[in-house]
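Novice: These are the residues of each chain, in order.
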Amino acid sequence: MVKTLIVLGSGGHTAEMMHLLTQVDTDDIAPRYYVHADSDAQSSQKAVSFEEKNGGKDYIIKSIPRARSVGQSYFTSIFTTLYAFIFAFVLILRIRPKLLLTDGPGTALPLVYSAFFLRFIGQRCRIIFVESFCRVESLSLAGRLCKPVVDRFIVHWPSLKTQGEYVPGLLF
Amino acid sequence: MRCVVCVGTTEFAPLTAACEIEIFSNFLKYVGVTSVAIQYGSAPRPALQSTDTLKVELFDYTPDLSSYISAADMIISHAGAGIILETCRSNAAVHLIVVNDKLMNNHQVELARQMPQVSPVPLCRWYENPAAYVAAVSGNGEHGEDLKSSVKKMLLKGRHGGQQKSTGFGNIVRQELAK
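Residue numbers (UniProt numbering), protein chains in the order written: chain U, 1 to 172; chain A, 1 to 179.
Just so you know, not all the hints are guaranteed correct.
As the list claims (entries may be wrong) - To spell it out: a stretch of chain U is covered by chain A in this simulated footprint if at least three of its residues, at any positions, have a beta carbon under 8 Å from a beta carbon of chain A; those stretches are:
no.	region
1	24 to 30
2	148 to 156
Unchecked claim - Derived SDA-like pairs: lysine to any residue, alpha-carbon spacing no greater than 20 Å straight-line:
no.	chain 1	residue 1	chain 2	residue 2
3	U	Lys46	A	Ile69
4	U	Lys46	A	Ser67
5	U	Lys161	A	Gly168
No lab work stands behind these hints, which were simulated from the structure alone. Beta carbons are placed, not taken as given, at the ideal position from N, Cα and C, and that holds for glycine.
With the rest of the complex left out, here is chain A:
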């Protein structure tokens, strides 16, 4: 299983720092992730190294994030519209969205909050700040949900590839052209 962590073009140190803690590597191990790629942006490079059971890739930016996303089973991302859309269009089975609560005029909360209801990703969760995400990953999340086992189950089940992509805009254009 592959996991991608993505913070976008800004610095989101609390999320990348959360990749260093033992809770995170335990979580990955538990849910069956064997390979993790972390795009950490302008934050300090997370001190995380490959082990026998977990292959780690670290990069600040990559022009080729899309190929990582399309190969991923689980995506942990900031609440930017770009990465959220890309995840919706990928074949990932799990998407954890972590809001950067330090951003000014935070419209991203509005978006993140809606995603669990509309995302085609089978297991989509959002967290209002990095602390809430860490709590969930460590098994102390709110509503007593055992995130670990839900994620593990969903990753095993996987997601049907080649899901139907929207053709809505094609119809809208055709309607207008017919006028």
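Looking at chain U on its own, in the form it has when it is part of the complex:
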């Protein structure tokens, strides 16, 4: 039983995360904390139906504020980003996960860095980052920013072989 934080993102990211989770023995990663961005009810709904299908009980769903919403001005997004980081950091401090799973939505960024900083207070959280399936020829911004601090950085396509651990057919 390893306390695990699972980052949900918008539509596609969450769907891919569910494909990944079906491959894991959920008893190994329990309790499971699903974290999604505010106002993303669909993602939490997907997590709930995944859990119900597996008869899982050992899970909690949390939300964090978005760093930047679509169309928001850059000036105000400085403050919202800061707020999102502090919020994520406090959440990680409270949960203290031992494992963090993400497939690269923007929401992951403050959570991944906060989980990384846990090591400076004597705790170790292993972070597995799976790049999004649709990134065929170049890494996503979240991927490039998270790569230096994660334990495993997995890519789906041979063209990204030099930039991460290439695992063919991971989602089929």
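Let chain U serve as the given structure and place chain A on it in line with the hints.
Specialist: The following block gives chain A in isolation, referenced to the frame of chain U:
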């Protein structure tokens, strides 16, 4: 045989409009499709009606696309990652991927182009725009491939159900937990 056409959450009028033309219904008839479901998104509803030989279902969106996908023998879709993955995990024997060339910063081309080599779907083809797809369906596609007969053959052969699903991520998690 069942066919599903899926355009995702955006408008992809050229693909849904291509469902109206006679070439398309002839194609479906030739390959043995008797039932087609078309998810047309925000584009105008295609003017296509059920006949004695072809049952037509039309919807703009459905929360239950998965059950259509899992029952389909052939899927014709836009190049979105979600529908592509879902098709890979289905038991469909044929997947035709049509790129929406009107999208800005089109990463979908990159994905579509790779799929024929890696897809577990036995017959997977991609088209760089709706026109190329229509040409292929009408039998005038490039490389002189007779798409119609390839599709027909593959649909008859079918695909083995219950294919092995990946367990790769489970292994990765287990390795990390053992550290």
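Novice: Each hint should be assessed against the structure and marked as holding or not.
Specialist: Verification of the hints:
Restraint check on the region 24 to 30 of chain U versus chain A: 4 residues with Cβ-Cβ distances below 8 Å, three needed, restraint holds. Given a C-beta distance limit of less than 8 Å, the hint that chain A covers the region 148 to 156 of chain U holds, as 3 residues qualify and 3 suffice. Of the supplied pair hints, the one linking Lys46 (chain U) and Ile69 (chain A) holds, its CA atoms being roughly 18 Å apart against a limit of 20 Å. This hinted pair checks out: Lys46 (chain U) and Ser67 (chain A) have alpha carbons roughly 15 Å apart, not beyond 20 Å.
With a CA separation close to 17 Å, the supplied pair Lys161 (chain U) and Gly168 (chain A) stays within the 20 Å bound.
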